[in-house]
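Participant: Heads up: the protein sequence lines correspond to chains A and B, in order.
In terms of UniProt numbering, the first sequence has 354 at position 354, counting the first letter as 1, and numbering is strictly consecutive.
In terms of UniProt numbering, the second sequence has 142 at position 142, counting the first letter as 1, and numbering is strictly consecutive.
Worth flagging that the hints you see were computed from the coordinates, not collected in a lab.
Among these hints, one or two may not hold up.
Not close to chain B: a few residues of chain A, all C-beta gaps over 10 Å, as computed [what the hints assert, rightly or not]:
{"#": "1", "residue": "Leu31"}
{"#": "2", "residue": "Glu273"}
{"#": "3", "residue": "Trp456"}
{"#": "4", "residue": "Leu494"}
Have a look at the derived ranges for each label pair, beta carbon to beta carbon [unchecked claim]:
{"#": "5", "chain 1": "A", "residue 1": "Trp239", "chain 2": "B", "residue 2": "Thr135", "range": "51 to 59 Å"}
{"#": "6", "chain 1": "B", "residue 1": "Thr62", "chain 2": "A", "residue 2": "Trp402", "range": "33 to 41 Å"}
{"#": "7", "chain 1": "A", "residue 1": "Thr512", "chain 2": "B", "residue 2": "Val51", "range": "54 to 62 Å"}
{"#": "8", "chain 1": "A", "residue 1": "Trp402", "chain 2": "B", "residue 2": "Leu43", "range": "36 to 44 Å"}
Treat the numbers as computed from the prediction; the structure is a model and nothing was measured.
No residue lacks a Cβ here, since even glycine has one placed at the ideal position from N, Cα and C.
Listed here are the chains, written in short residue letters.
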Amino acid sequence: MSELEVAAAPSLNEPPEWLRLNGLMVIVSPLKEVVRAAVPLVVVFFAGGGAHSWGQWLSLLGVALLIARGVTHWATARYRITDDQVELRSGLFNRKTRAVPRDRIRTVDITSEWQHRLVGLSALKIGTGRQDKGKDDELVLDAITKAEAERLRTLLLTKVATTTSTAPSVVDEPAPAETELVRVDRRWTRYAPFTLSGIAVVAAAFGTVWHFANDLHLRPDDITIVRTVMDAVGTESPWLLIPGAIVVLLLIATIASVVGYILSYWNFSVTREASGTLHIRHGLLNTRSVSIEEARLRGVEVKETLPLRLVQGGRATAVVSGLRTGRGDERGGGLLLPAAPVAEAHLVAAKALREPKDPTTAPLTPHPRAALRRRLTRAVVSVLALAVVAWIGYQLDILPFWVWILFLVLTPFAAWLGYDRYRSLGHTLTNGYLVTRSGSLVRETVALRSDGIIGWRVHASYFQRRAGLATLVATTAAGRGGYHVTDAGMSQALAFADDAVPDLVAQFLERTT
Amino acid sequence: MHGLLVDVSETTGVRLRAPRHPISKKAIPYWTVRALPGWIVLLVIEVLVKVLPDDPPGAWLTVAIVVTVVLALVHLAVMPSWRYRVHRWEVTPTAVYTQSGWIDQEWRVAPLSRIQTVDTERGPFEQMFGLAKVTVTTASAAGPLHIHGLDLDVARQLVDDLTAATEASEGDAT
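Chain A with its partners taken away, still in its complex shape:
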């Protein structure tokens, strides 16, 4: 059918033919699946006891199925790029066809995990930017050669530019030059321990081990090493044990965050191509390359964790429509700069937006004193409530004595945190950007282009209304979808919304009497 159509309407483009994914995937995808399943496999293998326990067979069967799935995917997958859309067909029993219209493509993302790199392949992810549709709007070509990936990226991203120019004008311009916005200095690795990511890694690792141990009915006491350690430290007093444990955990977290930083952000660079596309590349073992059409850039966000603020560090993220802010692997998507000196974060933010100065550095209007009272009350009352619960627990012999004392001791810190959270609050309009800031443990300052705002939400709880406060949310198709101006004065928030987007909320306002 398609042959006929092409014959009937001869076009300049070649008739699109269905292409296969690279044949080396037959090696790569089983490798990937086995490595992914390695931890449960090894654990089950050693914990299973007898040589032919059902657990071993079950896990081996699982791995075999995973391998079969990878091979089937390669064998059945075909893709093609027509003038209008990108199509991918795959599946043996459950045949799927996914088509993405080319004018809806927002991002083209090239990733190479280390298994890919062994054989010189890359995975290409094509995103369309329906924000709330999860993975369903993504089309993934896993995997094709690096050269093919680059070719497709250029083809798919420049399509928009070529269709807007009416005639195929003479392309005599020099080869697209890339200007570098930033490159991570390896000395910035020293900021890694301040990101809290190490603590997250330790928590995740602990969670995973705990989960497996539970699944396999392993008790810590059954493992010789754990028992030896526990016996050794068990005799020490808790006053020595707790600080000791904290030091060990901090040490592990520091090492984990430094290793993580080196693995993820070695060779991190952001460049701008002549077409205006921002190109973010990073990774030591798994390289990642993210392209962001400049037209999709709606703003920037600078994040500073509390420890990072102590050393004048920060991270910068791009607020981009059509780039999901997912978890883990996906999270790096709009990253403009990992933990680095905060001045560098502001610099790359300004360069990405093509502004002389990063709008997130603009002086902010503070929020009313009532907001301070609210922050303090919330912080202190919640810790005191925990202390009371812990005290009741102690009275009922469920919790040891020191827990409620601990919460009581934490109260001044909570009060300081509440004060700091208030100090962070602020908003302003500068040069066409809405700027808002909040948070203490993670302070986030976002600058959102006013023309990227597609609606408003004004939220007021009972206590906020009594205090004359409201939380204004600017909704947008980019980034997190909504950016909060927390606990501003009701009147202040509404006037701000009216300033940011003229002729929208004014029709719903009235003077207070």
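Assemble the complex: chain A is given as a structure, and chain B must be docked to it using the hints.
Facilitator: Chain B alone, transformed into the frame defined by chain A:
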């Protein structure tokens, strides 16, 4: 242009006025009936725990049952009519505007030019009372506007009007 236009820059205090249209009066019994099952399930569990075991738990469970009954009665008596007073909506030539909530309240504004979809939804309880919920989405994951408790006819008319208005206004949906 609808509404009272206020020059914000010249005033010290402004607030959002209530949207023009109330929702259906039938929303009051609808919210009452919809809130019932949750309380009933909770009470049944509490009563079963009290009655079934040979060695029933102490007086605290009786207290819990009494507290549950009191909370349920207050919630069922107060929430539906309070919600009815708060929930309002309006469509102007340029925007959709909703007000919702009861203890916590929220106002949402979306320009017509940014609307992507207009959906109607009717759950079992809504069908019982001939009501419908209209959801207006924009390209933002954080921005859908919900109008609960509309009469079915009103909802249908609203969807038609909004669809027509959206098609008429050329806009970048993102």
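Participant: Give me the numbers of the hints this structure contradicts, sorted from smallest to largest.
Facilitator: 3, 4
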